[in-house]
Amino acid sequence: MARLFNFLKKDSLTNRLEKIKGGDSKEREKFIEEYIPFIIKTVSNTTNRYIESENSEEYSIGLEAFNEAIDKYEASRGSFIAFAELVIKSRVTDYLRKTSKYMVAIPISQYDEEQEQQVEAQLKTEDFTEAFALKAEMKALEDRLKAFDITFADLVHEAPKHADTRLNGIRIAKYIASHAGLKDELYRKKALPGSKIVKELDVTLKMLKRSRKFIIATLLILDSNLDLLKNYIDEVEGGVVHGVQRMCDKD
Amino acid sequence: MVYRGCVIKIENDFALVLTNTMEYLKIVKKDGLVVGKEIIFVTGDLYKENKISVRRMGLAAAVVFFMVFSMTWMHPWIFSRIFASTAVIVSIDINPSVELEINRDEKVLKAIPVNVDGQKVISKELVGMAVDDAVLRIVNNAKEQHYLTEERNAVLISTTVMKEKERLDEKGIVAKIERKLAQQMELGQLHIVYVAGKKEDVQEARKRHLSLGKYEVYKKAEANGEKITIEQMKAMKVQQMMEKRMGPWEVKAIKAREDKPAAGEDREHSQKVKDPKKESEKVEMQKTEKQKKSQPGNLGGENKDEGKEQSKNNKALVEKQQNPVKKGEGDEKEKQEKKERQQEKFEKKSEMEKNIKEKTPQGELKRGEADRGKHPEKEERGRGDEKDEEKDPMGERPQREKENGRGEKSKGN
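So the sequences go chain by chain: A and B. Count the first sequence with the UniProt record's numbering and you get residues 1 to 251, in order. Count the second sequence with the UniProt record's numbering and you get residues 1 to 413, in order.
Keep in mind that the hints were calculated from the coordinates and are not lab data. One should not assume that every hint holds.
Unchecked claim - Below, simulated DSSO-like cross-link-like pairs (lysine-lysine); rule was C-alpha separation at most 27 angstroms, straight line:
(1) A:K189 with A:K146
(2) B:K9 with A:K209
(3) B:K9 with A:K146
(4) A:K174 with B:K9
(5) A:K146 with B:K37
(6) B:K48 with A:K161
(7) B:K207 with B:K237
(8) B:K29 with A:K161
(9) A:K190 with B:K9
(10) A:K146 with B:K48
Since we're looking at a predicted model, the values are computed, not measured.
I would like the entire structure built from these sequences, with the hints used as guidance.
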């Protein structure tokens, strides 16, 4: 049965590929979108780095390579996935070789205009001071969490898994952040002002207890200078839990 | 699934990320990870903590399995059930009495001395030996310690099958033992008496500290109405038993390969004759045998055993003539032993030579062969006899032996 199912699936895959080759651009977009996780994985494995959300040149190269793979693929060449992986890998490797950071110094005069811009962009993102500031800020957050006897590892295990619960936690954290009295009490007592929150926000004590660490961590993030993380909180709290794919589209 | 998140901390084995959905996750480390950087990763990059624990669990399971497995195999009970279960008990009485427990591969598992003397003839080396080798070793030990001599050379062997399932061939084991003894024993000759033991008797025999072979003889003697106690039985040497012709001796004796008839003849002249009928029968039998042998046509059909038997008969006859009082009186016999031995040598030789013309010389041949190892003097004599015998086609012998073995049994019965 499973084999039959597989067979049908494969059939649909080849069918779709043929359709795309026939000139169906909408189908192509959809198809690429579906395979984004695969592209990310392949690129990431090839470079042995995580793709950075900003300046993800490798990622766009991967996308291009995947697109190329669709055009060049023939059923006689075996599995499409294997073929696409091969194409992406070779393209990314080519790119890495070309722009290797460890390449011996080249006089800027040798670059043409386009390349010059690229180098500039690279230098810009690799701003040491910025990276250092971020690091220091993150360290400060960790220290403050420590005061509450919370570590990041605790958060991995104890932060609520369910999106709704997390949303609720964020709501509570924001509420506390916006009420100076509550916030002071929290810092002073190193504990959530449980009774007040329950009264004012209509949440159960059980929920409060369970996501205590998450709420405190969120509060501390809101109270810090970590714009990116604050942005995350806003995104989630705004009620729009962005689909990653949509974000990828933005890229 | 694709995640987007900010690296918040880098540990030894993994990195911690806070995703844009406010999830805290662990991811595997890759090159160029920097705290505070936003990255995109997929489900495959998530750090699996249970990856290690699964491995550990597998290891633990393997260890546990191995331990259970090895314990099962090492467990003495199971071990004994599989490899070391006693299939047959072979008892050997001379009068050191020894019992050998052997497994289905006819290897000795345990050598149990039944009496004090028995302790002297066994050693640890016996364990693991093939049963025939072990018996040979015991017989040789007994010979070295003078339990067995040329004259007192009766051995009682019994076999008891403990496991009917194994379908062991008792007779085969005995035959094997006899063959081995005939080949390699250090004695000139042995009187082997074979008794089949019964599984049910094992407990009883053990309780009475009697060897199985002796117990069987005792039981049969009792059945025949002979008055004998266990204590007497214990003290008695097999030689004496043979001379006293206890219990069903005669019947069994024929199965044994060697000269029971000699004992029978001894009996004839002793005053304690218990079974005149049987005796007379035997004499008759012997006569007929002699007649047969004297017929030239029969010569080819005769075997070593028969020849041997006859030679011994002759010897016995001579002994009778010279020492009529001797037989049946153990003490006297023992005193006279030395003299007799010397006499016998001459007697034997002269008798044999006389008999050569009349009878098959094979008996002498066998004797000669058996003696060769131990007694150089005899050997020479034996060889002298052999010369005559060698006229016989050698190739026929093994076959003849078999035939005769059978023939003799039937005659005896």
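Here is what the structure says about each hint:
1. A:K189 with A:K146: 14 angstroms, holds
2. B:K9 with A:K209: 25 angstroms, holds
3. B:K9 with A:K146: The hint holds at about 14 angstroms.
4. A:K174 with B:K9: Between K174 (chain A) and K9 (chain B) the Cα gap is close to 24 angstroms, so the pair holds against 27 angstroms.
5. A:K146 with B:K37: This hinted pair holds, its Cα atoms lying about 22 angstroms apart.
6. B:K48 with A:K161: 16 angstroms, holds
7. B:K207 with B:K237: Holds. K207 (chain B) to K237 (chain B) sits at ~20 angstroms (cutoff 27 angstroms).
8. B:K29 with A:K161: Given pair K29 (chain B), K161 (chain A) holds - Cα atoms ~23 angstroms apart, limit 27 angstroms.
9. A:K190 with B:K9: With a Cα-Cα distance of about 23 angstroms, the restraint between K190 (chain A) and K9 (chain B) holds, given a limit of 27 angstroms.
10. A:K146 with B:K48: It holds: about 25 angstroms lies between the C-alpha atoms, which stays within 27 angstroms.
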